[in-house]
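Model the full assembly from the supplied sequences, consistent with the hints where possible.
Protein chains: 2
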Amino acid sequence: MNMAEYELHCFAQSGNAYRVALMLNLVGADWRPLFVDFFVKGIPRTTEYRSAINEMGEVPVLVHGARKLSQSGVILTYLAERTGKFVPRGDEQRLEALRWIIFDNQKVNGFLGPYRFLRNFAKPRGHPAVMEFLKGRIDNALGIVDKRLSAGDYILGSEPTIADLSLVAYMYYPAEEFGFDIAANHKHIAAWLDRVRSLLGWAHPYDLMPGYPLPQ
Amino acid sequence: MNMAEYELHCFAQSGNAYRVALMLNLVGADWRPLFVDFFVKGIPRTTEYRSAINEMGEVPVLVHGARKLSQSGVILTYLAERTGKFVPRGDEQRLEALRWIIFDNQKVNGFLGPYRFLRNFAKPRGHPAVMEFLKGRIDNALGIVDKRLSAGDYILGSEPTIADLSLVAYMYYPAEEFGFDIAANHKHIAAWLDRVRSLLGWAHPYDLMPGYPLPQ
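Order-wise, the sequence lines are chains A and B.
Numbering follows our numbering, in which position 172 of the first sequence is assigned residue number 176; successive positions increment by one, without gaps.
Numbering follows our numbering, in which position 162 of the second sequence is assigned residue number 166; successive positions increment by one, without gaps.
Honestly, the hints are just simulated from the structure, not real lab data.
Hints are all accurate, no fakes.
Intra- or inter-copy, both count: the list cannot distinguish identical chains.
The list that follows gives simulated cross-link-like pairs (lysine to aspartate or glutamate, DMTMM-like), each with its CA atoms no further than 20 Å apart:
hint, residue 1, residue 2
1, 127, 180
2, 72, 96
3, 89, 163
4, 151, 198
5, 151, 59
6, 89, 34
7, 151, 52
8, 72, 85
Encoded structure:
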């Protein structure tokens with residue numbers, strides 16, 4: 005049996021996991037996905053998963069030799085440092101990338117993810133007041149990202165970095181899953197999504213990770 | 005006029021800003037707070053603030069010489085590297101601290117902050133369905149932190165690091181402001197909050213930053 009260098013605990017619908025799967029693909033890593041059944045079996049929430057894989061009860065988890073890393077922002081940082089690709093140049097850029105990664109996890113995809121989950125997958129679906137709350141926060145955060153991207157091709161300027169790979173997390177999923185169209189309402193984000201999509205090795209989350217479509 | 009080495013844009017009710025104010029005080033830095041009027045004037049949301057201070061429309065912002073840093077996780081990282089204090093030791097610990105800082109920003113204080121805001125300060129107050137949504141996420145995240153702290157005095161083990169200073173963000177504010185008692189329901193968190201409180205230089209957020217109490 006062939007072992008891949010990197011193994012990624014993930015599933016197709018997770019934009020958090022997609023950040024890492026995309027980076028692995030873009031850097032041409034030798035990797036394979038390990039399917040985590042979130043929707044039918046609820047694996048990440050089980051005691052076994054929490055004790056053996058990730059105490060935070062989440063994907064993604066990257067296995068690399070003896071290392072087991074979780075939180076996409078950590079994994080992107082690790083891969084950038086190891087591969088020298090998508091790495092922010094210099095101390096100032098390193099901190100600036102981290103700034104956008106934290107902002108993303110808290111306010112951009114940190115709200116886009118739950119919004120899409122509550123609209124598409126959760127049973128029961130999200131309460132309208134919750135959806136309105138999340139949407140307000142999303143609109144504010146997307147506005148900040150769009151404004152940022154009006155000043156340069158990528159978040160840190162002319163070159164793509166891990167800050168971009170973090171921020172695209174949920175943005176390639178179909179607009180129908182959100183009920184609103186991110187690209188149509190934010191022209192700088194739209195152009196940037198096209199730019200990232202044109203990078204060699206880009207693939208859609210539903211093609212890159214197992215578990216799509218969901219069993220009926 | 006005396007200039008302090010560090011200046012921190014902040015206000016007393018912001019747990020996000022408290023992380024940084026607390027670290028500055030714990031390391032004995034020469035610092036002073038710059039009051040940002042969030043509640044009466046809504047300063048962080050203004051175009052002026054966004055263009056001159058922080059495009060993300062948030063506090064904290066640390067000014068250090070020509071540098072202007074935002075996102076508490078970035079500032080804690082910067083201060084740890086500069087001062088050598090509360091710094092995670094070695095590569096593995098550095099990534100592990102970052103893991104908890106991102107988790108904190110997304111799911112622990114990332115939800116505690118809005119919950120307390122919607123319960124105490126927002127007009128109108130938060131919708132009950134929103135409060136229930138946030139509380140469910142908070143309970144899950146606090147459970148994960150409590151379990152982690154059952155294994156060691158601090159998040160990374162025997163010594164306090166920036167992961168701890170991040171995670172305490174909103175946890176010293178009065179229980180009445182949340183309507184539930186974090187410490188009473190999580191004994192390992194309670195003991196850890198006592199440990200951090202006993203560090204030389206610790207001060208309560210309402211004593212450390214300007215703007216408390218709010219004008220009536």
